[in-house]
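Colleague: Here is how the chains run, residue by residue.
There are 4 protein chains.
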Amino acid sequence: MQKVKAAIVGASGYSGEELVALLARHPQVEIVALTSRQSVGKTVAEIFPRMAASSIAGMKFVEPSADALAKSGASVVFLALPHGLAAEFTAPLRKAGIQVVDLSADFRLKSADIFEEFYGEKHPAPELLADSIYALPEVCGNEALKDAALLACPGCYPTSILVPLVPLLRKQLIDPTSIVINSLSGVSGAGRKADVLLLFAECNESLRAYGAPKHRHLSEIEQELSAAAGEKVMVSFTPHLVPVTRGMISTIVVSPLKGADAKAVESAWRDAYGDRPFVRIVPHLPDSKHVTNSNFIDIAVREDKRTGRLLLFSAIDNLGKGAASQAVQAFNISRGWDEASGLT
Amino acid sequence: MQKVKAAIVGASGYSGEELVALLARHPQVEIVALTSRQSVGKTVAEIFPRMAASSIAGMKFVEPSADALAKSGASVVFLALPHGLAAEFTAPLRKAGIQVVDLSADFRLKSADIFEEFYGEKHPAPELLADSIYALPEVCGNEALKDAALLACPGCYPTSILVPLVPLLRKQLIDPTSIVINSLSGVSGAGRKADVLLLFAECNESLRAYGAPKHRHLSEIEQELSAAAGEKVMVSFTPHLVPVTRGMISTIVVSPLKGADAKAVESAWRDAYGDRPFVRIVPHLPDSKHVTNSNFIDIAVREDKRTGRLLLFSAIDNLGKGAASQAVQAFNISRGWDEASGLT
Amino acid sequence: MQKVKAAIVGASGYSGEELVALLARHPQVEIVALTSRQSVGKTVAEIFPRMAASSIAGMKFVEPSADALAKSGASVVFLALPHGLAAEFTAPLRKAGIQVVDLSADFRLKSADIFEEFYGEKHPAPELLADSIYALPEVCGNEALKDAALLACPGCYPTSILVPLVPLLRKQLIDPTSIVINSLSGVSGAGRKADVLLLFAECNESLRAYGAPKHRHLSEIEQELSAAAGEKVMVSFTPHLVPVTRGMISTIVVSPLKGADAKAVESAWRDAYGDRPFVRIVPHLPDSKHVTNSNFIDIAVREDKRTGRLLLFSAIDNLGKGAASQAVQAFNISRGWDEASGLT
Amino acid sequence: MQKVKAAIVGASGYSGEELVALLARHPQVEIVALTSRQSVGKTVAEIFPRMAASSIAGMKFVEPSADALAKSGASVVFLALPHGLAAEFTAPLRKAGIQVVDLSADFRLKSADIFEEFYGEKHPAPELLADSIYALPEVCGNEALKDAALLACPGCYPTSILVPLVPLLRKQLIDPTSIVINSLSGVSGAGRKADVLLLFAECNESLRAYGAPKHRHLSEIEQELSAAAGEKVMVSFTPHLVPVTRGMISTIVVSPLKGADAKAVESAWRDAYGDRPFVRIVPHLPDSKHVTNSNFIDIAVREDKRTGRLLLFSAIDNLGKGAASQAVQAFNISRGWDEASGLT
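Chains as they are written, first to last, in numbering that gives the first Met the number 0: chain A, 0 to 343; chain B, 0 to 343; chain C, 0 to 343; chain D, 0 to 343.
Chain A on its own, in the form it takes in the complex (with noise of 0.2 Å):
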C-alpha cells in the first residue's frame, strides 16, 4: 500500500514535536516536509534529541510556505500553529485540494463573531468555517469526519470537558445552567515559548488559577455544549496552571435531572463510549499519570448525596489526547484507517 504523504507546519513547537514523533511511526503515513521559522536547515535530530535515531532524523526543516508545501507532493497538512496564523495557511492549502489538520482555534468555532468576541481580532478566514468540522471523534462520531478535507482539531481544556458532558446533555440527565468546571493543566499546554511566566523558577512550587473567568477556550466549550443540549448552555470554567509538564485533569459540578445518579451516567457513558477505544470509564478517580503519553480519556462519576449534585472527572494528556493523538485519530478515521493506527 502506499504511504500517505503528510506535512506538518510549526513542527517545533510541543504539539508539533509529538505529531512528528507519531506520524513518523506511523504504518500509513510517510512525512515529506516539516516546517519551523525558527529551525529552517536544522535537521530532526538536531531540534528533536529524542528522535535522534529515528528514520527521518537527518530531515531538515524549511521555511513555512503554502506554496512549498503543495510541492512537497503531501496531501495532508497538519497545522500546529498560533491561532490566526493557522487559517493563512488553510485558504491556499485547501485551493490546491489538500486536506487540513488544524490544531488552532482557527476552525472549531462555526460563529466568526464569536471568534472575535473571545479572540479579540476578526476571523481571518469566515468563508472557510462552514466547511470545517469540530473533530472531536467521539463526539462529532466517525461518519461526520469520513472524507473531512478540513478537521478542526479541539483544544485541550474542551476535550477533557466534553467528552464526559455531552452524552449526559444529550440525554438530558443534567441540569445545563448548573454546570461548574474546574480544570488543571500541564505547563506544556502553553507551547513551548519564550515567557518568563512559564520558566520552571515560576512555575515550580506554584498553583495558580488564571484566565476566569473567560478563558478562550470557553467558547468552543459552550458551542459543543449547546449543540449537545439542543439549548444555549453557559458553564463556569476556571483553568489552573499547575507544575506538571503534562496533564490534565477536569472535575465537573452539575445538579442531575429526574433522579438521574452515578449508574446512569455511567450507562449513558457506555452507550456513547462502548466501542471506542480510547475512553475508559474507569473505578477510582481519574489521575492524570496514567494517561500521559497515551491517547486515552479517563472518566469517572461520584455522586454527592449530601448536596444532591453529581461530581463528573477526567484525565488526559494535555499533549496526547489533548491536541497530537487525537489529531492523528481523527485523521485516521477521516482516512477510512482504524482509528488507533499509529497510537498503540
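To be clear, the hints were calculated from the coordinates, so they are not data collected in a lab. Check the hints yourself; a few may be wrong.
To give an idea of the interface, some chain B residues facing chain C are shown, with a C-beta separation under 7 Å as derived from the structure [unchecked claim]:
id	residue
1	V186
2	S187
3	F199
4	A200
5	N203
Below, in silico cross-link-like pairs of lysine-lysine (DSSO-like), each with a Cα-Cα straight-line distance of 30 Å or less [said to hold, decoys possible]:
id	chain 1	residue 1	chain 2	residue 2
6	D	K170	C	K304
7	B	K145	B	K4
8	D	K213	C	K304
9	B	K304	A	K121
10	B	K41	B	K192
11	C	K257	D	K304
12	C	K170	C	K304
Just so we're clear, the structure is a prediction, and the values are computed from it rather than from any experiment. Note that beta-carbon positions come from the ideal geometry of N, C-alpha and C, so glycine has one too.
Since the structure of chain A is already known, use the hints to place chains B, C and D on it.
Modeller: This is chains B, C and D only, laid out in the frame that chain A set:
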C-alpha cells in the same frame, strides 16, 4: 520578661517541624520539651538538619507522656498529632491546668456525632468539646481567643475556604446553597508518613482528585459556614493532590444575592479584614508561591458576568496559615500578645 | 509462530510494571503469569491503571511460588525482586529448565566474596554464579547471550557507566587509575517502597549525594571495568538523588593515555557500537529527558584541554535501558531475535 | 541609630528580589531606591506579590541611572545586573563616593585578561579591579572587608567550592592537581530571563551537564584556589542543571597529601570556620533542602579508602549563600556590624 514555656508533641511531622522552627525563634517563648515516638533520644540537629545551628540544636526528643509534659514546666503544649491521639493528651494536660493548642481535628467540631460521622470512630473526649474554640482568628475574632485554654486549630482546606466565604455569608451576599469548592493541595499536607501513594515517583507528574465527595474537612467547613449563615449550609468540595511540597489554593464558585458584585465582595472583605495583618486582598489571581513560608492568605474575586456567578480565590501555605503559623497566631492572641509575634 | 510464554515475578514494583508493559505488547511473547505478594487477586487494571485497556487488563496477580511458575507453562521468568530474594526463585526455576532473566543484583558478580563484601550477607546461591552472564549486550556481545539460561541484568548506574568506559579501557585509551564518576538518578530507581526518605515532600527541591564512597553498584562496575582493562580497576563513584521520576546521567572524568583525544574516544565508540541500535553518540551533552521511556543510551565526550583530562557523559532511563527494556533487549538476543523486538 | 540608605539596581531578577526582601527587613538598612528597566513605575507589591504587605510594598521601581542613584541619598548600591552592565554603574557610583556591592562577575577577577578569556569581551573598567575585594567572607576574612568600597560578591558555584577547598589547600592537605568537581544547580541560578531552555517543560524531568569544560565561574574558582595553594591550580569542573528552583550541591574528589584523612579535613575546617556562623560541618551528606532560604553552607567529608581519595560535599542556596544573603553578610562586615545582621 519571662518567656512562656512551651512543649511540642508529635514534633517530627511536617507541621511539628514547622512549629519547632517558629517557636524556637519566637521572642516570648522558650521550648522546654519536644516529643516524637520515633525520634526519642535524637537531637533537633539530627532530625531537622535545617536547624543544626539553632539555639535548640542539641535538645533531645523525649517519649510523649502527659506526665512528663506536665513536669517539663510547660504552660502550653502544642499537639501536632493525628486525630484521636490528640484527645488522649488533652484531658490530662487540661486537668493539670496546661493550655493546649491542638493542630489535629479532635476539637474542631462542636458535635461528637458529626465527628463520628466523618471520622468513623467515637469521639475520644466529648466532654472537652464545649471548652474548645475553633481557632481561626479572622473568623472567631480576637476576643473569643483571649485566655482560651483549648485552641482547636483549623485544617488547611477549611482555612483557605472559610476566610473568603464567612464574611459574605454573614452579610448575606451569596446564596448558601450555591457553593462549589475546588481545592489543590501540596503533598506535605498528607504528613510525613511512609505511604506508597505519597512517594515522589507517584506524585510527580500526577494530578488527581481524591476524597470526594465527603472529605473529612467538609465537616468543619460546613460547621463554620452554617454558623456564619445562620442556617445549615452544605457545599460541594473536591480536594486535589498536586505535585508541590507546600501550597494550597481554593477556587470557589457562588451565586450572589441581591446583585452583589465584586465590589461588594471586596468591601465585605475589607470590613472584616481591614485590620488583620495576614489577610491580603490582591488584585491578581492568588498564586501559592507568593504565600509559602508565611502566614498570609491571599484572596481575590472575579465576576463571571455571563453566568451571573462570582468566583472567589484564595492561596495559603498548607503548613503555614493552614497549620503551624496559624496556631502560633492564635496562641499569640490567646496570650494578649501582638498576633504577628514570632511570625515575621 | 507460537509465542514464548513468560512470567514476571515481583511485577508490581517500578521495574516490574515496566516489564509488564513492554512484554504485553511484545510481538513474540505471551504473558502467562504475574506475581506480586501484596497484589494477589487484584487485576492488572487495578494495580496499573495505565493498562486498563490492555489485552491483559483482566489478568490477576498470583502468589509468587516457583512451583506455580513452573506450572504456568512459562519458558522464561523475569525476576524483578530485591537482591537475595531473586536467588531463591532462580534455583528451582533453573532446575525445571526455565530460562531466568534476573533484574536483581544476585547473579551479577562472579565472586560470592565480593557479593558478601558489598551486600553484607552470604550469597544465597553461589553454585549458580558460574552459569550466569552479565547481560549488558553492548559489553558482553550478542554471541555470549545466545541461548543463555540465566541472564543477570546490570544495574542502572553500571549501565550508564560501562557503556562509555568499556571500549576505552579495552583499547587502553584511558588511565584506569584516573576514573572519577558522578551520577544523578531519578527517584524511581529506589523502588516503589514505603520509605519516608522517598516521599515527594522529602525529594522535591532536594539535591543530595548518598551511598558514597561504597555504593553496592560499585562492585559490578569495577568487575566489568577490570575485565575490560585486563587489570584490577578501582574508581571513585558518587551517586546523587535528584527530583525526577525517571532518568539518570553520569559524568565521568578520566586521564587519557597516549594522547587520546575526543576523536579517538568517538572512534573507539563507533568501532564498538556502530551497529548497536540503542547507543547514540550525540554531539550535545546528553539530557535524560531525551531518553526517558526508551532503551537508548546517549553518550558524548569533551576534552578539557586545560587539565588534559577527558569528560565522558551518558544518559539513560533508569527504568528503561537501566532496567526493564535492557532486560528485554538481552532476552531478545538470547532467543536469536532482533534485539529491538518489542522495544520500538 | 540612623539607618544606612541603600539602593538596589536590577532588582527584579531572582537575586535582586532576594536582596530586596532581605534589606527590607534589615534592622540597620533603609531602602531608598529600586531600579529595574522593565518594571519602571510599577510597585514592589505588583512585581513581588510576596511582599504585598511589606513596609515598602508601595515603593516604585525607577529607571536605572547612576545619577538618580546618587541623588537618592544611598550610601551603598547593590548591583544585581548581568556582567558587563554592572561595571558601567560602578565607575560613576564610586566617583560619587558611594559604596558598591556588586553581585555580577565584573570585579571578581584580578586579571582583565582572564576576564576577557572567560567572558569573551574586554573588561569594561579594568582600572577598578585593583580596588575590589573578592567578598567571600569565610575566605577573605573580616579584616579585608572592613570599610571595603567595592565588594565583588562570588558566584554561586565558586562559593560552594571554595569554602570546602580553601582551608585544605592553605594547609597543603590535598594535591592541587587532583581536584575534580561536579556541581548541581537549581534553575533560578540562570536568572529570570525569557529563555526557552529554562521553561518548566524543558527543565522538569531533565538532567543535564552544561558549560563543560570551561564554565565562566571556573576563572574565579581557580583564581582563589591558586591564591590559597600558593601556586597555579587548575581543576575539572562540570556543572549540571537539575529541576529544583533553589539549591546547589558540589561533590569534590581530591587526593590527600601526607596521609590526610577525614579527621584532618574536619580539623582544618574547624580551625578555619569554628567561629563563622554560617558554615556548618555536618555528619550527614549535605542536602540542599536543609539550606534553602538561608545563608548556611553545609559541608562534609568522606574517605574513599579503596582509592585513597577524599570526597568533599557542600550544599548552599544558590540565591542565598550563593548570591543575595552572602552579599548582605559581606556588606554587614564592611560596615563593622554583626555579620548575621538581617540574616536570621
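Colleague: If a hint holds in the structure, say so; if it does not, say that too.
Modeller: Evaluated hints:
{"no.": "1", "hint": "V186", "in the structure": "holds, 4 Å"}
{"no.": "2", "hint": "S187", "in the structure": "holds, 4 Å"}
{"no.": "3", "hint": "F199", "in the structure": "holds, 4 Å"}
{"no.": "4", "hint": "A200", "in the structure": "holds, 4 Å"}
{"no.": "5", "hint": "N203", "in the structure": "holds, 5 Å"}
{"no.": "6", "hint": "D/K170 - C/K304", "in the structure": "holds, 28 Å"}
{"no.": "7", "hint": "B/K145 - B/K4", "in the structure": "holds, 18 Å"}
{"no.": "8", "hint": "D/K213 - C/K304", "in the structure": "holds, 9 Å"}
{"no.": "9", "hint": "B/K304 - A/K121", "in the structure": "holds, 23 Å"}
{"no.": "10", "hint": "B/K41 - B/K192", "in the structure": "holds, 18 Å"}
{"no.": "11", "hint": "C/K257 - D/K304", "in the structure": "holds, 29 Å"}
{"no.": "12", "hint": "C/K170 - C/K304", "in the structure": "holds, 21 Å"}
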